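Residue numbers (my numbering), protein chains in the order written: chain X, 1 to 159; chain G, 160 to 318.
A hint or two may mislead.
Some chain G residues near chain X, calculated using beta-carbon distances under 10 Å [to be verified]:
#	residue
1	G167
2	H181
3	G203
4	Y283
5	I290
6	D291
7	G298
Calculated directly from the structure, the hints in this document are not laboratory data.
The model shown is predicted, which means the values in this text are computed figures rather than measured ones.
Note that CB positions come from ideal geometry on N, CA and C, so glycine has one too.
Protein chains: 2
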Amino acid sequence: MTLPNESGVMTPAQLLEHWQGHRRLTRRVIEAFPEDQISTFSLGGMRPFAEMVMEMVSMAAPGVQGVASGDWTMRARTVPATRAEMLALWDEATEEINTLWPRIPAGTFQESRTAFGRYEGPVYQLFLYMIDNEIHHRGQGYAYLRALGVEPPPFWERG
Amino acid sequence: MTLPNESGVMTPAQLLEHWQGHRRLTRRVIEAFPEDQISTFSLGGMRPFAEMVMEMVSMAAPGVQGVASGDWTMRARTVPATRAEMLALWDEATEEINTLWPRIPAGTFQESRTAFGRYEGPVYQLFLYMIDNEIHHRGQGYAYLRALGVEPPPFWERG
Numbered sequence: 001m002t003l004p005n006e007s008g009v010m011t012p013a014q015l016l017e018h019w020q021g022h023r024r025l026t027r028r029v030i031e032a033f034p035e036d037q038i039s040t041f042s043l044g045g046m047r048p049f050a051e052m053v054m055e056m057v058s059m060a061a062p063g064v065q066g067v068a069s070g071d072w073t074m075r076a077r078t079v080p081a082t083r084a085e086m087l088a089l090w091d092e093a094t095e096e097i098n099t100l101w102p103r104i105p106a107g108t109f110q111e112s113r114t115a116f117g118r119y120e121g122p123v124y125q126l127f128l129y130m131i132d133n134e135i136h137h138r139g140q141g142y143a144y145l146r147a148l149g150v151e152p153p154p155f156w157e158r159g
Numbered sequence: 160m161t162l163p164n165e166s167g168v169m170t171p172a173q174l175l176e177h178w179q180g181h182r183r184l185t186r187r188v189i190e191a192f193p194e195d196q197i198s199t200f201s202l203g204g205m206r207p208f209a210e211m212v213m214e215m216v217s218m219a220a221p222g223v224q225g226v227a228s229g230d231w232t233m234r235a236r237t238v239p240a241t242r243a244e245m246l247a248l249w250d251e252a253t254e255e256i257n258t259l260w261p262r263i264p265a266g267t268f269q270e271s272r273t274a275f276g277r278y279e280g281p282v283y284q285l286f287l288y289m290i291d292n293e294i295h296h297r298g299q300g301y302a303y304l305r306a307l308g309v310e311p312p313p314f315w316e317r318g
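Working from the sequences, and respecting the hints, build out all of it.
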């Protein structure tokens, strides 16, 4: 889809690519965590990074599914036993998002939806919220990694 | 500016409001920091939150100025002595962004610019990067506040 230059900020395809760039970075942060710390380490009473990641997984593909099809079934996700299983769930969600995104009808981003029966607002805000929530918690994950003495992946690399 | 429903994700005015919502939250995070900790406290060798905030100030209004006028002068910002001065610089930037944003010519968001003579890419990506960088470092600020035993402001409140 080509965005007429005079009308807006970006196209749905550009927003998807922006999000998937962030998801590639978050995947590298998951990989950077020591296996024995990702589900246990915490600072200041916050959740371990694995729980934040599973929150992202519980919302990401189901959110796209909700917008694309009207089926807003939440998928509760418990923290898997290994980092490898977590990465597999992450990759599954990546594929599902890529498959469902083009099914979002043109014009939907400016329409209002009640996500998961609870959060009402324009669709573009719903997706920005999911991306922002991922960046926010990943920033906390960076702090965890630094506190563990691990160098996190560069923030600006999204490829 | 009204976005034709079929063309894109959001309008420039909507992106500005999204950013300013994040800036209001970041302002509350600055206020939440104990005065004696904002320029000194750190975790894992990361910068104190005041330095991250001044990085945001050094890029935000100057970035909008660059896109709006072609003047990409960087404004180096050292950490001020008090939190009140930091908040005053923050509020000055908020006003400047609101003033300059409507001067960005329609269509510019899909054009390429070299920000500050260094970062080349489409304008929409430049602004998303500045917002994302703010969210990322603010997430680290949340970790600092939690480690200091301070309850941060709710992430979802942007008013």
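Quiz item: Would the stated hint for G167 of chain G survive a check requiring a Cβ distance to chain X of less than 10 Å?
Solution: G167 of chain G check passes; min Cβ-Cβ to chain X is 3 Å, inside 10 Å.
Quiz prompt | Satisfaction of the I290 of chain G interface hint, Cβ to chain X closer than 10 Å | solution = OK, holds: I290 of chain G within 10 Å of chain X, min 8 Å.
Quiz item: Regarding the hint that G298 of chain G lies at the interface with chain X, is the smallest CB-CB distance below 10 Å?
Solution: holds, 2 Å
Quiz item: With 10 Å as the cut and Cβ atoms as the points, is Y283 of chain G at the interface with chain X?
Solution: holds, 5 Å
Practice problem: Using 10 Å as the Cβ threshold, decide whether G203 of chain G counts as touching chain X. | Solution: holds, 3 Å
Quiz item: Can the hint on D291 of chain G be confirmed by a CB-to-CB distance to chain X that is less than 10 Å?
Solution: At 5 Å from the nearest chain X Cβ, D291 of chain G passes the 10 Å test, so the hint holds.
Exercise. Go through the hint on H181 of chain G and say holds or violated, using the shortest Cβ distance to chain X against 10 Å.
Key: holds, 7 Å
Going down the numbered hints, you'll see the structure goes against none, and every one checks out.
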